[in-house]
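Q: Please put together the full structure from these sequences, using the hints given.
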Amino acid sequence: DVKVTQSSRYLVKRTGEKVFLECVQDMDHENMFWYRQDPGLGLRLIYFSYDVKMKEKGDIPEGYSVSREKKERFSLILESASTNQTSMYLCASSTHLWNTGELFFGEGSRLTVL
Amino acid sequence: KQEVTQIPAALSVPEGENLVLNCSFTDSAIYNLQWFRQDPGKGLTSLLLIQSSQREQTSGRLNASLDKSSGRSTLYIAASQPGDSATYLCAVNSSYKLIFGSGTRLLVRP
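So the sequences go chain by chain: P and U. Each residue of the first sequence is one higher than the one before, counting from 23 in the numbering used here. Each residue of the second sequence is one higher than the one before, counting from -18 in the numbering used here.
Please note that a few of the clues may not be correct.
Distance ranges between label pairs, derived from CB positions [as the list claims (entries may be wrong)]: (1) ASP60/P to LYS(-18)/U: 39 to 49 Å; (2) THR(-14)/U to ILE82/P: 19 to 29 Å; (3) ARG31/P to GLN62/U: 36 to 46 Å; (4) ARG36/U to THR108/P: 39 to 49 Å; (5) THR37/P to SER50/U: 45 to 55 Å; (6) GLU37/U to SER87/P: 36 to 46 Å.
Listed below are the simulated SDA-like cross-link pairs for lysine to any residue, each with C-alpha atoms no more than 20 Å apart in a straight line [stated by the list, open to error]: (7) LYS78/U to TYR86/P; (8) LYS23/U to GLU84/P; (9) LYS(-18)/U to ASP81/P; (10) LYS78/U to GLY64/P; (11) LYS78/U to GLU84/P; (12) LYS79/P to SER97/P; (13) LYS23/U to LYS79/P; (14) LYS23/U to SER29/P; (15) LYS23/U to GLY64/P; (16) LYS(-18)/U to ARG66/P.
No lab work stands behind these hints: they were computed from the structure. Here the structure is a predicted model, which is why all the values come from computation and not from measurement. Don't be surprised by glycine CBs; every beta carbon is placed ideally from N, CA and C.
A: Structure below.
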């Protein structure tokens, strides 16, 4: 079974802190994604990566950056956390980008910024 | 611009009932459509993936159909159980990313 692991299920941070959200997949997938999910707004794509050291902006990249130094690991970085970044963050991976194959999600990281 | 709609937003049924969840999309030029299940506070679990060339996919008590020309997909759940209670989301892939519907929250009453 594909496994996508998000290291932190729950985080509480203060405004202005730098936040790292880590995601690891164990199926050698080329593509990895970061989404945020908010009530009434659904899932929105923040960033995605189709190869090591490659990244592309999604629909809402402002205030975020990403890092993909190894194929299995995709990190989401909040350089200076703000209260409007309180959300559920979901990492996902898949095998095919342009004709995206099945998408597999992690358990999510619920971030609260005070 | 692709838009995905799921109706109803919420559904409550007694255990044992067969039910249908609906997903509609505005642009028929899609690569595939995927159905997910999400339990409260958890991530999404993939249920079924239908490629654009396929009409339906089945997994256990679940059957998903796809009609691209009308922009519709349905998820049929047979003999529903309380454990099926969750939010069900459909997502359409019409480029390099998925467009998600807002989900149908299903409650199966014992």
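Q: With the threshold set at 20 Å, check whether the alpha-carbon distance from LYS(-18)/U to ASP81/P stays at or below it.
A: holds, 13 Å
Q: Okay, ARG36/U versus THR108/P on CB: inside 39 to 49 Å?
A: holds, 42 Å
Q: With a cut-off of 20 Å on the C-alpha distance, tell me whether LYS23/U and LYS79/P pass.
A: violated, 25 Å
Q: Can you let me know if the beta-carbon spacing of ASP60/P and LYS(-18)/U is within 39 to 49 Å?
A: violated, 20 Å
Q: Regarding THR37/P and SER50/U, is the given constraint of 45 to 55 Å on their beta-carbon distance met?
A: holds, 50 Å
Q: Would the hint linking LYS23/U and SER29/P be met if the CA-CA limit is 20 Å?
A: Holds, because 14 Å separates the two Cα atoms, which is no more than 20 Å.
Q: Lying within 36 to 46 Å: is that true of the beta-carbon distance GLU37/U to SER87/P?
A: holds, 41 Å
Q: LYS79/P and SER97/P were given as a pair; does the straight-line alpha-carbon distance stay at or below 20 Å?
A: This hinted pair holds, its Cα atoms lying about 14 Å apart.
Q: So does THR(-14)/U sit 19 to 29 Å from ILE82/P, Cβ to Cβ?
A: Hint holds: Cβ distance 21 Å, inside 19 to 29 Å.
Q: What's the verdict on LYS23/U and GLY64/P, does the C-alpha distance respect the 20 Å limit or exceed it?
A: Holds: LYS23/U and GLY64/P sit about 14 Å apart, inside 20 Å.
Q: Are the Cα atoms of LYS78/U and GLY64/P separated by 20 Å or less?
A: holds, 14 Å
Q: Against the 20 Å threshold, does the CA-CA distance of LYS23/U and GLU84/P hold or violate the hint?
A: Given that 20 Å is the threshold and the Cα spacing comes to 25 Å, the pair is violated.
When the structure is compared with the earlier hints, violations turn up for hints 1, 3, 8 and 13 and for no others.
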